[in-house]
Amino acid sequence: MDLFLQQLFGGLATGAIYASIALAVVMIYQAIDHFNFAQGEMAMFSTFIAWQLLDWGFPYWAAFFACIVISFLGGVAIERIVFKPIHNAPVLSHIIVFIALFSIFNSVAGFIWDYTIKAYPSPFPSETPFETTLIGMHQLGMIAIVLAMLGAIYVFFRFTSVGLAMRAAAANPVSARLVGVSVDWMLALGWGLAAAIGAVAGMLIAPIVFLEPNMMLGILLYGFAGAVVGGLTSPGGAVVGGFLVGVIENLASLVPFIGSELKLTVALVLIVGVLLVRPFGLFGRVVVNRV
Amino acid sequence: MATLLEVRNLEAFYGQTQALHGIDFSLEDGGITTLLGANGAGKTTTLRAICGMITTSGEVNFAGTPVMGRKTEDIVRQGIAHVPEGRGTFDRITTEENLRLGAYTRRDSAAVAEDMETVFSYFPRLRERRNQQAGTMSGGEQQMLAVGRALMLRPRLMLLDEPSFGLAPLIVQELFEILRTINREQNVSMLLVEQNASLALSLADHAYLLETGRVVMSGTSEEIASDESVRQAYLGY
Chain A
1 MDLFLQQLFG GLATGAIYAS IALAVVMIYQ AIDHFNFAQG EMAMFSTFIA
51 WQLLDWGFPY WAAFFACIVI SFLGGVAIER IVFKPIHNAP VLSHIIVFIA
101 LFSIFNSVAG FIWDYTIKAY PSPFPSETPF ETTLIGMHQL GMIAIVLAML
151 GAIYVFFRFT SVGLAMRAAA ANPVSARLVG VSVDWMLALG WGLAAAIGAV
201 AGMLIAPIVF LEPNMMLGIL LYGFAGAVVG GLTSPGGAVV GGFLVGVIEN
251 LASLVPFIGS ELKLTVALVL IVGVLLVRPF GLFGRVVVNR V
Chain B
1 MATLLEVRNL EAFYGQTQAL HGIDFSLEDG GITTLLGANG AGKTTTLRAI
51 CGMITTSGEV NFAGTPVMGR KTEDIVRQGI AHVPEGRGTF DRITTEENLR
101 LGAYTRRDSA AVAEDMETVF SYFPRLRERR NQQAGTMSGG EQQMLAVGRA
151 LMLRPRLMLL DEPSFGLAPL IVQELFEILR TINREQNVSM LLVEQNASLA
201 LSLADHAYLL ETGRVVMSGT SEEIASDESV RQAYLGY
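These protein sequence lines map, in sequence, to chains A and B.
Taking the working numbering, I'd label the letters of the first sequence as residues 1 to 291.
Taking the working numbering, I'd label the letters of the second sequence as residues 1 to 237.
Please keep in mind that the hints were generated in silico from the structure rather than gathered at the bench.
There could be a bad hint or two in this list.
For the chain A half of the interface with chain B, some residues (derived, Cβ under 7 Å), not all of them [as the list claims (entries may be wrong)]: (1) Q52; (2) H94; (3) V179.
Simulated pairs of lysine to any residue, SDA-like, Cα-Cα distance not exceeding 25 Å [what the hints assert, rightly or not]: (4) B/K71 x B/A38; (5) B/K71 x A/P173; (6) A/K84 x B/Y122; (7) A/K263 x A/L54; (8) A/K84 x B/T55; (9) A/K84 x B/Q186; (10) B/K71 x A/A171; (11) B/K71 x A/S107; (12) B/K71 x A/A89; (13) A/K84 x A/Q6; (14) B/K71 x B/E85; (15) A/K118 x A/E131; (16) B/K71 x A/K263; (17) A/K263 x A/K84; (18) B/K71 x A/W185; (19) B/K71 x A/K118.
Because the structure is a prediction, the values reported are computed rather than measured.
In this text, a Cβ means the ideal position worked out from N, Cα and C, and glycines have one as well.
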């Protein structure tokens, strides 16, 4: 029973990271209808920036928030510089650019910081204040930070006029312009937010998987799985999907014939299974319109 | 009366095809002007050109300021609200959020709340549907929402593209009466595009007749309505 609970909580903690990546992917998907394959590498690069700041002697939380701001600006810059010019280009051009970004971030990170594995600190004490061995303090902290971030994002999209404008720009760009929304800047803002969310995910998972240029590969795959399971049209669904994938992945490793060797396969099976049964995801909606 | 909108030598292309061949017209402040014409005459294109939604050449002056070549969102901020063909509803958000979006460029939140009430007083059905997903409403309700959304900008000029399209005759009558009231009470000038010529002439004070991208006739609504050739071709009696 303890083992089960341990795996469950561990799953929720990594699920929080998958949920963040899934949310970032869905945000960009909503805006431009493409999967951002470079989302994980962007998050990895952000984490290296935070590591560099820490190495220069910044306190943890200063580096944490500085990294979020830098990543946000970087995301905005990527949209303005790379994606705005190819806005009307065919799907394949977008995919090529995503792959280019992926390998650029990966190799530039390797070039600057090299490929040796680095330890990344956790801001949380190593022991829980409660008498429990079921969940570590860092895992608890991960879940708390991600939940706080998700709450802030929800409030932003639900209750602020810029959040509403971003939703409008994604759903109906022509009409959005006609009410005075600058759709181009909303897209850039979306990229900035996605990059910032990815940065938080990267910094939180780095103490567990260690920092190196390929650290986000598997995580991105789980993030995609979470997004597909939850539904690409539903940001809330993607978050739930991320948590689900984290828990399923961890519990599956308890099943003797799966073990930890086939964990990654579980994510892929989930993607294919969901696409077969519910192509729009568990929470994605088929839009109903009257004409 | 002062001229609010002045269009000079407006030309537009869709790829190789020229849709507008140098259109000239003007619109008086506080007035309702209609552009009449058959399918493909260039009515919708003219409205899109005014809003900067397509690339065009020529001159468009709004309240004395040239707006040609500027971005759509900047032109909208000048006070031009476009009620587009097909209504342009944001389907997946609520009626109230649609209206809030209409006021996106405004920062005077108290006045925005007042204007929301004004819109609900013109269209009581929108108040009943305020928390309903807009895409699930009937065509008439969505058209009312489109007009209400435009009104939330506190525009000086409203561009209306086929507001009667696809609506039941009774709803159309109701809608056009409200448009007349809005014109009078809110001092909103209107540029109306319609295929239903008699309906448009009953609302507008001035009319321009377009044929294949050119203005072929203009005058007051009475003059146009009493013209023999217009009567036969567009009014059908």
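Status of each hint after checking the structure:
1. Given hint, A/Q52 at the interface with chain B, is violated; its Cβ is 38 Å from that chain's nearest Cβ, farther than 7 Å.
2. At a threshold of 7 Å, the smallest CB-CB gap from A/H94 to chain B is about 24 Å, leaving the interface hint violated.
3. Interface restraint check: A/V179 against chain B, minimum CB-CB distance 5 Å, threshold 7 Å, status holds.
4. At most 25 Å may separate the alpha-carbon atoms for a hinted pair to count; B/K71 and B/A38 exceed this at roughly 29 Å.
5. Proximity of B/K71 to A/P173 is assessed by CA-CA distance (about 13 Å); at most 25 Å being required, the pair is judged to hold.
6. Between the alpha carbons of A/K84 and B/Y122 the distance comes to roughly 41 Å, so the proposed pair goes past 25 Å and is violated.
7. Between A/K263 and A/L54 the alpha-carbon distance is near 33 Å, which puts this suggested pair outside the 25 Å criterion.
8. About 18 Å separates the Cα atoms of A/K84 and B/T55, which keeps this hinted pair within 25 Å; it holds.
9. Only pairs whose Cα atoms come within 25 Å are accepted, and A/K84 paired with B/Q186 is rejected, the gap being roughly 39 Å.
10. As the CA atoms of B/K71 and A/A171 are separated by approximately 20 Å, the hinted pair is consistent with the 25 Å bound.
11. Straight-line distance between C-alpha atoms of B/K71 and A/S107 comes to about 39 Å, which puts the hinted pair past the 25 Å bound.
12. The straight-line distance between the Cα atoms of B/K71 and A/A89 is roughly 21 Å, inside the 25 Å bound, and the hint therefore holds.
13. The straight-line distance between the Cα atoms of A/K84 and A/Q6 is roughly 46 Å, outside the 25 Å bound, and the hint therefore fails.
14. As the CA atoms of B/K71 and B/E85 are separated by approximately 19 Å, the hinted pair is consistent with the 25 Å bound.
15. Annotation: proposed proximity of A/K118 to A/E131 is violated, straight-line Cα distance about 31 Å (limit 25 Å).
16. This hinted pair does not check out: B/K71 and A/K263 have alpha carbons roughly 51 Å apart, beyond 25 Å.
17. About 38 Å separates the Cα atoms of A/K263 and A/K84, which puts this hinted pair outside 25 Å; it is violated.
18. Between the alpha carbons of B/K71 and A/W185 the distance comes to roughly 13 Å, so the proposed pair stays at or under 25 Å and holds.
19. For the given pair, B/K71 sits about 48 Å from A/K118 by alpha-carbon distance, which is inconsistent with the 25 Å threshold.
Comparing the model with each earlier hint shows violations of hints 1, 2, 4, 6, 7, 9, 11, 13, 15, 16, 17 and 19; every other hint is respected.
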